[in-house]
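> Residue numbers (the UniProt record's numbering), protein chains in the order written: chain A, 1 to 421; chain B, 1 to 421.
Identical chains blur together in the list; that is why a pair holds if it fits in one copy or across any two.
In the EDC-like style, the derived pairs of lysine to aspartate or glutamate whose C-alpha atoms are separated by at most 20 Å in a straight line are: (1) 218 x 176; (2) 26 x 115; (3) 400 x 8; (4) 414 x 215; (5) 218 x 389; (6) 4 x 41; (7) 414 x 313.
Derived from the structure by calculation, the hints contain no laboratory data.
2 protein chains.
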Amino acid sequence: MVLKSFVEVHPDSHFPIENLPYGVFKPLQGGEPRPGVAIGDYVLDLSALSSAGLFDGPILSKSDCFLQPSLNKLLGMGRPAWKEARATLQKLLSFDNPTLRDNSSLRAKSLLPMDKVQMLLPTVIGDYTDFFSSLHHAKNCGTIFRGPENPIPPNWFHLPIAYHGRASSIVISGTDIIRPRGQGHPMGNSPPYFGPSQKLDFELEMAAVVGPGNELGKPIDVNEAADHIFGLVLMNDWSARDIQAWEYVPLGPFLGKSFGTTISPWIVTLDALEPFVCDAPKQEPHPLPYLVEKISKNYDISLEVQIKPAGLEHSSVLTRSNFNHLYWTVTQQLAHHTINGCNLRPGDIFGSGTISGPEPESLGCLLELTWNGQKPLVLDGVTRKFLEDGDEVIITGCCKGNGYNVGFGTCSGKILPATPL
Amino acid sequence: MVLKSFVEVHPDSHFPIENLPYGVFKPLQGGEPRPGVAIGDYVLDLSALSSAGLFDGPILSKSDCFLQPSLNKLLGMGRPAWKEARATLQKLLSFDNPTLRDNSSLRAKSLLPMDKVQMLLPTVIGDYTDFFSSLHHAKNCGTIFRGPENPIPPNWFHLPIAYHGRASSIVISGTDIIRPRGQGHPMGNSPPYFGPSQKLDFELEMAAVVGPGNELGKPIDVNEAADHIFGLVLMNDWSARDIQAWEYVPLGPFLGKSFGTTISPWIVTLDALEPFVCDAPKQEPHPLPYLVEKISKNYDISLEVQIKPAGLEHSSVLTRSNFNHLYWTVTQQLAHHTINGCNLRPGDIFGSGTISGPEPESLGCLLELTWNGQKPLVLDGVTRKFLEDGDEVIITGCCKGNGYNVGFGTCSGKILPATPL
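Just chain A, with the same shape it has in the complex (with noise of 0.2 Å):
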């Protein structure tokens, strides 16, 4: 079936028709936090449109799921109701469906250009957990910090680490970043390095967005976990290595990471990945049954990451690389969250750890692009070994299809100086 919208979108939109991501928006000249979807270079306010009776199907017509500020409630209510929105909204926004189309104080009213609203955090999140699951990544982060014997530990290949993260630091893209202060390794025996971190950094990660989730003590099957992610986000995971690498023995990262964590606002679910289904790489050794799918599927989503600079008009490309290139698929992490019992909540996110290829030029932060800072970067007129102050770090990724595209928009952050203390 061929999609067309009677909103005009440009090929090269990330926000075609076949797309429609969710986000929450606030519009500028004021109003409530609300659910939106985009559509080219509008968003459309889904509480006018269930304000106006729009959503009429079975499930959707009973709820207020589009008149709160953020979607978890929309999030809780499962993949039935998400596949009654997308096909009420694709109906509504076709170019052959008079209902939008032709109600112009309603289309003004739901139609609102990008640039006349504010997007905000789309869910708020209970909990946020960051996965480990790029090989590529793992062994070049062993190398860098525990050397090049075995620089992948034992367990890596028979389960998807991750850790928990720190939710209340989550930020929408756009949001500044204020250099974090904390401390380092010392040298010889002076005491621990303290200020302003000296090796920030970007982390490039997706994130996906969890729906109905489970009660405590109920594990979810790894072949019923794809019901219980609503969809994906672009997210920068910014990392200071510095003080990472001095605090993170025994227990895992902490401050060397919750300083602040990007997500980019549009959430792109898994209905509109679909067409962009490839095959989850072989796992050897085997997993464990309960990490064994029917279907494994992962995403061919090309991501790419610039910086820049202050006072420079121009960005450069960092880096290249592919959602694909993840060892554990979401559901196998999503199924491994829980067979302990842990529960999930609609809104939690589960970071992809950084997205990391097997070439040099599509590797997913500075620590490996740089081999922690021995080998700095050199870009049209600029090199860096880790993040200084006033650089932008934009990252981008996009789904292509036969004449259009799936895409996530941009999840962006400029560093600022450390606050004085």
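Once you've looked at the hints, dock chain B against the given chain A.
Just chain B, lined up with the frame of chain A:
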């Protein structure tokens, strides 16, 4: 000043008028969750007092913080509001104040016997951080997991090590804990163990409950940190040692902890604990300036853990410890947590880490008490390496004043068998 309430309080009670800990409860006969304080064998319903206009001080008379289903709003208001609430409640409950004492209909409405209410989680917990602040515990765990050479990592004496915990699986005292399933170390060339945890453990901890908190990017000075801590609760950080040992390198504890964490329902305020302040331990090497306190306080809180196996009438003491064994203070923990700019929100909690003392009978978990199962504990007809199905673990904590206690009540949970997959 000698305080005395018109509510009769047994001298052994944890909850005299000197204490007045805060919780959230639901009357068993029906009704919404609401804040209360404990007094003797009663819960005083703060929503009833608030509705009757009895919080008549300058701050609280204008607030609906006691008409909320959690304490978060009160916590966010800070110490001036907490002090006003405490003064108002001590006045209203005092022997010689007729306002509540002689108003039989208000008394009937607001003073509910504890066995007629259900206690709930007192706050909405945005983020849960677990520290590692007992030197004895760090040393014992290091020796067990990594060997006797340098069991304490070099960073330990320079910063209060911590990791992010799972907020969703924090439950209130009395909630059953289902034995988790998971992976353990492979034996030889076999795949990893998979099944119900064979090394299920408790951890004797306490947790600090965060008050106002801070904005992202704005650290809290260590000498102002006490104004951001509302009070303390007891905590049992249930741990599956086999799952933890296999998964925790390199990113720290994950599924070995996230199947359940139990807290006690009553938050004992720092104001109530003030008479039990004692000196914090001397810290050598001297900490970095951002961790140096003008006044460094610990609290003398006696802790005891009992086990009650299924079918036995009596419980046996597993260990006795004290909160004052902690090396890092809660105010140092808070200053460290925010030094990188990480934002804290009202209701966040900080676990202390397992509180082990120096003596063999003061160790805070079975991992240490049985030296990883090598030396089973023999107690009054019961032998234990780790917890068995049906075991109930009961933590109590109490400060002994002159003729009164300031106590925490109990923090308990019973192990249920793993559920079939």
